[in-house]
Amino acid sequence: MIEIYNERFADVEVLHAVPARMKQFPLPTVIFYHGFTSSKLVYSYFAVALAQRGFRVVMPDALDHGARYSGDAHARLQKFWPILKNSIDEFPALYQALINSGGVAEGRLAVGGASMGGMTALGIMARQPEVRCVACLMGSGYFTTLAQTLFPPSVEVRDKIIVSLKDYDVGEQLEALSNRPLLLWHGEEDDVVPAVETFRLQQALGANKLDKNLTCVWEAGVKHRITPEALDATSQFFVRYL
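The sequence shown begins at 26 in my numbering and counts up one residue at a time.
There's no promise every hint is true.
[As the list claims (entries may be wrong)] No farther apart than 27 Å at their CA atoms in a straight line, the calculated lysine-lysine pairs in the DSS-like style are these: (1) Lys234 <-> Lys191; (2) Lys104 <-> Lys237; (3) Lys104 <-> Lys234; (4) Lys104 <-> Lys191; (5) Lys248 <-> Lys48; (6) Lys110 <-> Lys185; (7) Lys191 <-> Lys110; (8) Lys237 <-> Lys191.
[As the list claims (entries may be wrong)] What follows is a list of derived Cβ distance ranges for each label pair: (9) Pro107 <-> Glu197: 20 to 26 Å; (10) Gln261 <-> Tyr30: 22 to 28 Å; (11) Ile124 <-> Ala245: 18 to 24 Å; (12) Val242 <-> Leu102: 27 to 33 Å; (13) Arg250 <-> Gln153: 26 to 32 Å; (14) Asp36 <-> Glu155: 38 to 44 Å.
Keep in mind that the hints were calculated from the coordinates and are not lab data.
Given the structure is predicted, the values throughout are model-derived calculations rather than measurements.
By construction, the Cβ of each residue, glycine as well, lies at the ideal position given by its N, Cα and C atoms.
Please work from the sequences and hints to get the whole structure.
Printed below as a string of structure tokens:
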């Protein structure tokens, strides 16, 4: 059995899941990020699955999503990259709030996410060495190039946004992704975030002999969606490494 709450950490509403009667005890903790135009509630099956395996799970709503949604769907579609960047920037405060709460067992905190959430997880891993391990499902860390084709910013702000993403891009930070366990999962027929994005990172880490901590899982015939196999791979990864 598990328990699920809506709470606030670092002034952000989160879905908070724990094994039953374990909320007040330190637990290995996973912060998990949802996808674009979705919410913590839609992705709550990750919280259920991970809490059942003994983890504390904290799922924040991204800016202009879920409890933070402004109601303007068109405007949100123009802000994919600023929203992604904001989630990465909010992480240190969320991390500190969880540490201060006493709920994280011995610094055992991991990050995961799917789609935009997976991209958020990679951006956090590249910048936050305190994270123990990371799971990125159907995402990419090559922000500056992907921004040319995936929800591209308007011409008026494109250069400014791409420049703002440069320090968050994994292309120049491969070593920061190599010294801790990293799971990359991708459906081979992904029609939103191309699977070649994950292959690119896998190849870059391998070419630089930085892939000893990498677990890469491909699923044939799968488009941009989470499968039961992806959920299971994520759970097993955190059980093994967190």
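Cross-check of the supplied hints:
For a cut-off of 27 Å, the pair hint linking Lys234 to Lys191 stands: about 23 Å separates their Cα positions. As the CA atoms of Lys104 and Lys237 are separated by approximately 35 Å, the hinted pair breaks the 27 Å bound. For the hint linking Lys104 to Lys234, the alpha-carbon distance of about 36 Å lies beyond 27 Å, and the restraint is violated. Under the criterion of a C-alpha separation no larger than 27 Å, the hint pairing Lys104 with Lys191 is consistent with the structure, at around 17 Å.
Distance check on the hinted pair: Lys248 and Lys48 sit about 36 Å apart at the alpha-carbon level, beyond 27 Å; violated. Only pairs whose Cα atoms come within 27 Å are accepted, and Lys110 paired with Lys185 is accepted, the gap being roughly 13 Å. The suggested pairing of Lys191 with Lys110 holds, with an alpha-carbon distance near 11 Å, which does not exceed 27 Å. This hinted pair checks out: Lys237 and Lys191 have alpha carbons roughly 26 Å apart, not beyond 27 Å.
Distance hint check: the CB atoms of Pro107 and Glu197 are about 21 Å apart, consistent with the given range 20 to 26 Å. Against the hinted window of 22 to 28 Å, the Cβ-Cβ separation of Gln261 and Tyr30 comes to about 26 Å, which satisfies the hint. Range check, Ile124 to Ala245: Cβ separation about 40 Å, and the 18 to 24 Å hint is violated. For Val242 and Leu102, the Cβ-Cβ distance of about 30 Å falls inside the hinted range of 27 to 33 Å, so the restraint holds.
Separation of Arg250 from Gln153 is about 28 Å and conforms to the stated range, judged on CB atoms against 26 to 32 Å. Here the CB-CB span from Asp36 to Glu155 is close to 21 Å, at odds with the stated 38 to 44 Å.
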